[in-house]
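Asks: Sequence:
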Amino acid sequence: QEGKPGEVMYVVQEGEVNILHRDHLLETVGPGGILGEMALIDATARSATAVAKTDCKLVPINQARFKIHVHHSPYFALQVMRVMADRLRQMNIHLP
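Residues in the sequence shown are numbered consecutively from 1, following our numbering.
Bear in mind the hints are in silico, worked out from the structure with no lab data behind them.
Check each hint, because a few of them may be wrong.
Stated by the list, open to error - Beta-carbon label-pair distances, calculated as ranges:
| no. | residue 1 | residue 2 | range |
| --- | --- | --- | --- |
| 1 | VAL70 | ASP23 | 31 to 39 angstroms |
| 2 | LEU25 | PRO74 | 29 to 37 angstroms |
| 3 | HIS71 | HIS24 | 19 to 27 angstroms |
| 4 | PRO60 | ARG82 | 17 to 25 angstroms |
| 5 | PRO74 | THR49 | 13 to 21 angstroms |
| 6 | GLN63 | GLN1 | 14 to 22 angstroms |
| 7 | GLN90 | ALA45 | 13 to 21 angstroms |
Stated by the list, open to error - With a cut-off of at most 20 angstroms between alpha-carbon atoms, the simulated SDA-like pairs for lysine to any residue come out as follows:
| no. | residue 1 | residue 2 |
| --- | --- | --- |
| 8 | LYS67 | GLU7 |
| 9 | LYS4 | ILE41 |
| 10 | LYS4 | VAL51 |
| 11 | LYS57 | GLY15 |
| 12 | LYS4 | GLY32 |
| 13 | LYS57 | ASP23 |
| 14 | LYS4 | THR49 |
| 15 | LYS53 | ASN18 |
For each residue, glycine too, the CB sits at the ideal point set by N, CA and C.
Given these sequences and hints, build the entire structure.
Replies: What follows is the structure in structure tokens.
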């Protein structure tokens, strides 16, 4: 929920999740995609709302689990950064 605190990110295993900002569809995340990743980078409120578009299976990843993944696979951190960079670019495109 946009504006609410977040403590985990999610990996979509099955289904699709719509990412909305002020009721505007930003992206649909499918299997293998992630959402909520900013919650693990900083402690600010969620910047968007996630709504299941279909039945979904999501894997939550908290701060401790995130650190373990990054330690064992630095590529994981790079992938998260790529997602964040792509989302930032998309937001910049939509700004007036």
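Asks: The structure should be examined with respect to each hint, and the outcome stated for every one.
Replies: Here is what the structure says about each hint:
| no. | hint | verdict |
| --- | --- | --- |
| 1 | VAL70 x ASP23: 31 to 39 angstroms | 33 angstroms, holds |
| 2 | LEU25 x PRO74: 29 to 37 angstroms | 32 angstroms, holds |
| 3 | HIS71 x HIS24: 19 to 27 angstroms | 36 angstroms, violated |
| 4 | PRO60 x ARG82: 17 to 25 angstroms | 21 angstroms, holds |
| 5 | PRO74 x THR49: 13 to 21 angstroms | 31 angstroms, violated |
| 6 | GLN63 x GLN1: 14 to 22 angstroms | 19 angstroms, holds |
| 7 | GLN90 x ALA45: 13 to 21 angstroms | 20 angstroms, holds |
| 8 | LYS67 x GLU7 | 13 angstroms, holds |
| 9 | LYS4 x ILE41 | 15 angstroms, holds |
| 10 | LYS4 x VAL51 | 14 angstroms, holds |
| 11 | LYS57 x GLY15 | 7 angstroms, holds |
| 12 | LYS4 x GLY32 | 24 angstroms, violated |
| 13 | LYS57 x ASP23 | 23 angstroms, violated |
| 14 | LYS4 x THR49 | 9 angstroms, holds |
| 15 | LYS53 x ASN18 | 6 angstroms, holds |
Going through the hint list in order, the structure does not satisfy hints 3, 5, 12, 13.
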